[in-house]
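Undergrad: So you can see what is in the structure, the chains are spelled out below.
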Amino acid sequence: MSFSRVLERLVQLPIVLLGVSVIVFGMMALTPGDPVEIMLADQRATEEQAASLRRDLGLDRPIAERFVVFLGNAATGDFGISFFHRRPVFEVIAERLPATIELTLVALLVAVLVAVPLGVAAAVKRDSWLDRALSAISLFGVSLPGFWFGILLILLFAVHLGWFPVGGRIPFGAEVPRLTGFLLIDTLAAGRPDAFLRALSHLALPAITLGLPTAALLARVIRSAMAEVLATDYVLFAEAKGLSRRRVLFLHALKNALIPAVTVLAIETGSLLGGNMIVETVFGWPGLGRLVVESIFARNYPLVQAAVLLYAVTYVLLNFCADLLYAALNPKVRL
Amino acid sequence: MSAPLLSVRGLRTVFPTRRGPLAAADGVDFDIAEGEALGVVGESGSGKSVTFLSVLGLVRPPGKVERGEILFGGRDLRHLSPNELRALRGRMVALAMQDALSALNPALTIGTQIVETLRAHAIPGDPRAEAVRLLTRVGIPDAARRLGDYPHQFSGGMRQRAMIAISLAARPRLLVADEPTTALDVTIRAQVLDLLDELRAEQGLAVAMITHDLAVVAERCPRVMVMYAGQVVETGPTAEVIAQPRHPYTRGLMDSLPRLEDPDRPLHAIPGQVPDLATVDAGCRYRNRCALAVAACAEPVALAPAGDARLSRCIRAAEVSP
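So the protein sequences, as listed, match chains A and B. Residue numbers for the first sequence follow the working numbering, beginning at 796 and rising by one. Residue numbers for the second sequence follow the working numbering, beginning at 9 and rising by one.
Where hints are given, some of them may not hold.
Claimed, not checked - A partial selection of chain B residues facing chain A, derived with a Cβ cut-off under 10 Å:
1. ALA115
2. GLY119
3. THR120
4. GLN121
5. TYR158
6. ALA178
As the list claims (entries may be wrong) - Now the in silico label distances, taken between C-beta atoms and shown as ranges:
7. GLU77(B) to ASP922(A): 28 to 34 Å
8. ASN868(A) to SER110(B): 30 to 36 Å
9. LEU275(B) to LEU1119(A): 55 to 61 Å
10. ALA152(B) to VAL811(A): 45 to 51 Å
11. ASP922(A) to GLY18(B): 25 to 31 Å
12. ALA1122(A) to ARG68(B): 29 to 35 Å
No lab work stands behind these hints, which were simulated from the structure alone. Quick reminder that beta carbons are idealized off the backbone N, C-alpha and C, glycines included.
Whenever a hint applies, use it, and build me the whole structure from the sequences.
TA: Below you can see the structure in the form of structure tokens.
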């Protein structure tokens, strides 16, 4: 990837963000429901109080003006005050983000650990019963709705067998001082291996719920890429040199087969971060996804806008990372 | 004559197809002696490559060696365990391929691809230094610096020579060279062929030169084996086989080539087509295209002596050439 490619991405980013801002702002404005009414729903507020709150939040201004003010502030890194929390949106999101990133990373790890060996095995034993079983299971896995799969896992492993907790991130009594916001790191930093294991057991079911459908897709990609690579002359040549089977498969073949997989993985990471909303809600996971869902119901405009922008930035950055990784795996693409 | 380095008897390699098993090599017999260069000629699909992939134990499933003996240094390679066979590949029998661009791994450096071969066979000495020596030997300038290059950074001729250096890294005793020079221009082709000649003379390297190019065979291989439709149809000293073919197919091949000394001679393409290998009978496989065919050709024909050190799979071998 050349310097011009990096520049291209840098130019792309603000354009994407502007487009996303317009769409989100417009959609939130068109959504029926008034944030002030929702906030004051249980309180006997007078018309004057409601009007004053509306003025405080800037909701009495015309929508075009609100949009310009929002853009101006966003450009300086100010995303406004969360209506609901009465704190800067930035702060609220920063508090919830580590939970989502942690869940996504563990889900990705689950996906890669499951998909790579299965994809390779299916390609090596092509048309065997193993290959057929895997392609049937992965088709099933790709088409699983996340919320349904999550509920099934909860019913079986949490409610029925009691192996894992039903939801949440860490039980009472296992909390540790916040350092990075990543519990797997913070618990170890606090010298609490017991809390680490508790955090891990809370992570297990949501990470599997998110990771397995991704693994299914990834395994299919790896299987077909690997099958193609195994038929190449360079794999035959590597075998003819007398290399071990392991080296031929996992170095010569897999390094080339991973090139298409990386692109898929980057796109999947984006949808994992976004798709977290459903799984976080099902598992009561205190991450960004659940925060966004709550904020949509509360018509908490500033927070939803900021979160959607964050998703957009993440997508662009992930694609950028995919390009970098692609270049690292494929020497023909020069940086 | 001492026992040959490689001796193949009755080799039959089969690929299952929808129309039934297809014997890509069927009843193949041949020997290669130490230091010998054997030319292997025949058109695409004649079984040349499959025969030698069978020797290396690298026929891709679902294809498999069904019958026959592959004796290398007295051991039948068909009875070796996968690990014994792996230890032999590259070290005893090595492969050089037609197109180095597809034979070299695009994602690994040239250095890695040589060094791993040296390590796999525990070749003594510093692998890096040995890699530099090998690349220098095949005429790659500034070899130490080029170890870190990827195949696409090499020119076509250099890539081909680098691949041959990799094939020869573990000092094999037999090199199967599958169209090793087809993709090269004339000067580089001569360099590569000279290198193989030197190694034959110095180290007793045996070479099986699989090729379409009869000129290369005439120039470099004292002995030739002609294959047609999965069978060996003729073997013998190259000069004699070219001058006086003892099989109608070899004769057809010669007549289809232009000659420098007689450029006005008409070229004759062989009429008809190669039979479908999934449906051939036990008789001669060339008889549907052969001007000499008689009723008896429908009977099985064996590879039989046809003169001094020559074999032919034709019942009218004596009548092929005047």
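Undergrad: When you take the CB atoms of GLU77(B) and ASP922(A), is the distance between them in 28 to 34 Å?
TA: holds, 30 Å
Undergrad: Mind checking the CB of GLY119(B) against every CB in chain A and telling me if the closest is under 10 Å?
TA: Given a least distance of 13 Å, the restraint on GLY119(B) is violated.
Undergrad: Does ALA115(B) meet its interface restraint, that is, does its C-beta lie within less than 10 Å of any C-beta in chain A?
TA: holds, 5 Å
Undergrad: Take the C-beta atom of ASP922(A) and the C-beta atom of GLY18(B), compute their distance, and say whether it sits inside 25 to 31 Å.
TA: holds, 30 Å
Undergrad: Do the beta carbons of ALA152(B) and VAL811(A) sit within 45 to 51 Å of each other?
TA: holds, 47 Å
Undergrad: Does 29 to 35 Å hold as the CB distance between ALA1122(A) and ARG68(B), or does it fail?
TA: holds, 32 Å
Undergrad: Range hint 30 to 36 Å: satisfied by the CB atoms of ASN868(A) and SER110(B)?
TA: At 57 Å between Cβs, range violated.
Undergrad: Return holds or violated for the Cβ distance of LEU275(B) and LEU1119(A) against the range 55 to 61 Å.
TA: Roughly 57 Å apart at Cβ, these two residues keep to the hinted range, so it holds.
Undergrad: Would you settle whether the hint for THR120(B) is holds or violated, based on the nearest Cβ-Cβ distance to chain A being less than 10 Å?
TA: holds, 9 Å
Undergrad: Could you check if TYR158(B) really has its C-beta closer than 10 Å to a C-beta on chain A?
TA: Nearest chain A Cβ about 4 Å off; hint holds.
Undergrad: Answer holds if the nearest beta-carbon of chain A is closer than 10 Å to that of GLN121(B); otherwise answer violated.
TA: holds, 8 Å
Undergrad: Grab the minimum C-beta distance from ALA178(B) to chain A and call the hint holds if it beats 10 Å, violated otherwise.
TA: holds, 7 Å
In the structure shown, a violation is registered for the earlier hints numbered 2 and 8, in ascending order.
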